[in-house]
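Chains as they are written, first to last, in my numbering: chain A, 1 to 425; chain F, 426 to 855.
Hints listed in this document are in silico derivations from the structure and should not be mistaken for laboratory results. There are no misleading hints in this set.
Calculated Cβ distances over 10 Å to all of chain A for the following chain F residues:
id, residue
1, Pro602
2, Asn624
3, Glu658
Interface residues of chain F toward chain A, partial, derived using beta-carbon atoms under 10 Å:
id, residue
4, Gln433
5, Lys454
6, Gly514
7, Ile563
8, Glu567
9, Asp712
10, Gly716
11, Tyr722
12, Gly729
13, Asp732
14, Ala795
15, Leu796
16, Pro799
Everything numeric in this text was worked out from a predicted model, so none of it was measured. Built from N, CA and C at the ideal position, the CB exists for glycine as well.
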Amino acid sequence: MVELQVKTRQHAGMHLHLWETDKFKTITFLLMAKAPLQEQNVTARALLPHILQGGTKTYDNRKKLKQKLDDMYGATFSADVQKKGEQHVLTFRMDIAAERFLSDQTSLLQEALHVMHEVVYDPKIENGSFSNVIVDQEKRSLRQRIRSINDDKMRLANVRITEEMFKGEAYALPAYGRVEDLDSLDSKQIYSVYKEMLQNDRFDLYVIGSFDDSKLMETINALFKEDRQPQESTKAAAPSAPVKEVKIVHDHQKVKQGKLHMGYRTHTSFDDKDYEAAQVANGIFGGFPSSKLFTNVREKESLAYYAASRIESHKGVLMVMSGIEFDKYERAVEIINEQAKAMQDGDFTEDDVEQTKGMLINQALEAIDTPRGFAELSYHEAVARFSRSIQDRIEGIKKVTKKDVVRAAKKWELDTIYFLKGEDE
Amino acid sequence: MKPLEFKQLEETLYYEQLDNGLDVYILPKHGFHKTFATFTTNYGSVDNEFIPLGRTEPIKVPDGIAHFLEHKMFESEEGDVFHTFGKQGASANAFTSFTRTAYLFSSTTNVNKNVETLLDFVQHPYFTDKTVEKEKGIIGQEITMYDDNPDWRAYFGTIESMYEKHPVKIDIAGTIPSISKITKEDLYTCYETFYHPSNMLLFIVGAVDPDEMMTLVRENQRHKTFPESKGIERRVDPEAGKADQPERVITMPVQTPKLFVGFKEGNPSRQSEDLLKYELSLNVLLDLMFGPSSEAYEALYDAGYIDDSFAFDFTAEKGFGFSIIGGDSNYPDELQEKIEQTIESFKQEGLSEPEANRALKKKIGSFLRALNSPEFIANEFTRYRFNDMNLFDVLPMLESLSAKDLESVLHEHFVPEAKTVVVVKDDKEQ
Chain A
1 MVELQVKTRQ HAGMHLHLWE TDKFKTITFL LMAKAPLQEQ NVTARALLPH
51 ILQGGTKTYD NRKKLKQKLD DMYGATFSAD VQKKGEQHVL TFRMDIAAER
101 FLSDQTSLLQ EALHVMHEVV YDPKIENGSF SNVIVDQEKR SLRQRIRSIN
151 DDKMRLANVR ITEEMFKGEA YALPAYGRVE DLDSLDSKQI YSVYKEMLQN
201 DRFDLYVIGS FDDSKLMETI NALFKEDRQP QESTKAAAPS APVKEVKIVH
251 DHQKVKQGKL HMGYRTHTSF DDKDYEAAQV ANGIFGGFPS SKLFTNVREK
301 ESLAYYAASR IESHKGVLMV MSGIEFDKYE RAVEIINEQA KAMQDGDFTE
351 DDVEQTKGML INQALEAIDT PRGFAELSYH EAVARFSRSI QDRIEGIKKV
401 TKKDVVRAAK KWELDTIYFL KGEDE
Chain F
426 MKPLEFKQLE ETLYYEQLDN GLDVYILPKH GFHKTFATFT TNYGSVDNEF
476 IPLGRTEPIK VPDGIAHFLE HKMFESEEGD VFHTFGKQGA SANAFTSFTR
526 TAYLFSSTTN VNKNVETLLD FVQHPYFTDK TVEKEKGIIG QEITMYDDNP
576 DWRAYFGTIE SMYEKHPVKI DIAGTIPSIS KITKEDLYTC YETFYHPSNM
626 LLFIVGAVDP DEMMTLVREN QRHKTFPESK GIERRVDPEA GKADQPERVI
676 TMPVQTPKLF VGFKEGNPSR QSEDLLKYEL SLNVLLDLMF GPSSEAYEAL
726 YDAGYIDDSF AFDFTAEKGF GFSIIGGDSN YPDELQEKIE QTIESFKQEG
776 LSEPEANRAL KKKIGSFLRA LNSPEFIANE FTRYRFNDMN LFDVLPMLES
826 LSAKDLESVL HEHFVPEAKT VVVVKDDKEQ
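Full structure from sequences and hints, please.
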């Protein structure tokens, strides 16, 4: 059985998850803020983690904040935005060295929480709003980051198929925001989105590492005194409607390798009884180097260097990705379709099922050997607002049978075939 | 078996050199589910001229062969070893760098079996003309994938521009024409020369009992025979001195231009403690000059000359070494000027002790954080060992460094003639 003694508590409108363990040489803090993904605020929210790191009340520019972190034995602070189903999640992370390894005894834990609290709650304010200079810098930076997606063709293909496949659904919105919103956004608007975030988002604070529970709670009590009334009413994502017709989208660009992505709707999300079976199905299909896609697309026909599939837990998406020569498009699509059909026909062995179950359990156990991996797995429950602990999920995988896998695979529907190819192809 | 205790880090490392010359290291990790193992040969893309085992004349092999060999090792008479690992609940992988080829797995079950599988597949070459031909298509696609990646192209472009002859300038995977020449005979020659146990290191970290594991490895090796090896004669000369090309422009489709400033290391023959001290000092110094808390970073970010792709890195191995600073920028000229100015002003004004201490403290914290990762420990330990250093000496070495050490590295490494400046621009721009 997996030992994971995580204490959960509520405090100041936050969900606390405390995992005391001495297996790490660090203490990790993660604060996640979650709200439904919405067109009207997605870009402003995407800017928030960057603006907040641009300056706080005490450390009023980026450099001072970074120097403070350096002084704390190179504490790291980072923040980003992600999409979980149709939820928009802002993550603030901090890592500090566990005090027992340092030659001078300092109280890093208290300082760390203080800095984290300040970044989130006490930004640098000018005329009742964010500093215009910081906002402009971060708008420019975001514009450049979004443009640079174009230089990473695998990522670009993923962005494009998501746009096309989910047109009209919230899931089509990119977590990192949209260039077209940037011009009209000013610091006042972003600040009001920030205030909403502070009041309405669901907050989850994870603390992972070796600490003294009562000292930690003392610090949290002293720092986090906010009177939050978060709203937690939406589901992780709207369910997918049945697919009427497969969409085919081809883009042309100056590239040497074609990127073939195929998107399926799994009609299975985290709170579904088939959740674990769908993971096993993806594992047999394209999740590992021993899977059908790798074996058939790469090893048997040498069509590609990579051919794999990934599953998304909340919207219920299965994404196949492969890099191929332009003229191998038809053959690759044919093989991928055949392999998907083989999954639905039960054309795989009991051994394949057992082997894949073993690899998935392996993956989960490995994930909880890192603070972030643990938080990532645990946070699914917050997103889905459905209790299915990591241990329960591991037990669930063990019980999956071949029949379950076929049932889960039979729900898959191919929705969109996307191909990025050369200019003259 | 010898236990080596590192009290300050709460780690105990177990070591034994087997009769066949294989170095085995085991690091038990309390509380971890996972075991991670790497089986690494001291052989990478730069080892392209050597005297093959049992012969007297040196040969030169096609570019990309070390990486090609890595791909081919996964195949045996029974098929693909990924399936064997899969059945045993492990995920396996491999990588080739300039100087190393590593095979690895991680698993939370069947650890003993997986360790045996790792040893057995790497020590059992099986190549046929047909499978070698088939692999050319797969690796061809891998090369094409990297061709479309501007960051990769820029990184290699910078190295290429620094070196005149040294094979570090050749892409690790080779080129489509160079790999087309590879034959199964070439693969066997490289294999026999470089995969001798005396040129390899096994590192196992995680949920293991060191005695039991060492016995298993010893038993596994006892049943295999290897020809005698008198050490490998590599014929690649170290390359120091001035950068081959001071400036270079690469055109390819990019959204934002990129600028990289590279410095070629003037003394690439350092090993052991010398190298440890030098590379740690240089890394800390780079962070001090260009890290996110530096004055230069702030000025560049505020002016919009850089974004968060801005980074720096120092690589040092036997025979070559370089630092690279840069990233995406719409103002490559201004960025270049600021990088050069920053180095100059550090040289003129020197370093303050408090500044140096802050950067050193930061490095200590980041080293401790890295020790959470079994992957980091196994990979880095092996690299350190191959350069005659010990990973666990990093902490005491960092604690002993001062502003003076950083300053001497500053004056030694960042010399004008060692510099190359590479710009990557869109081909549509004139």
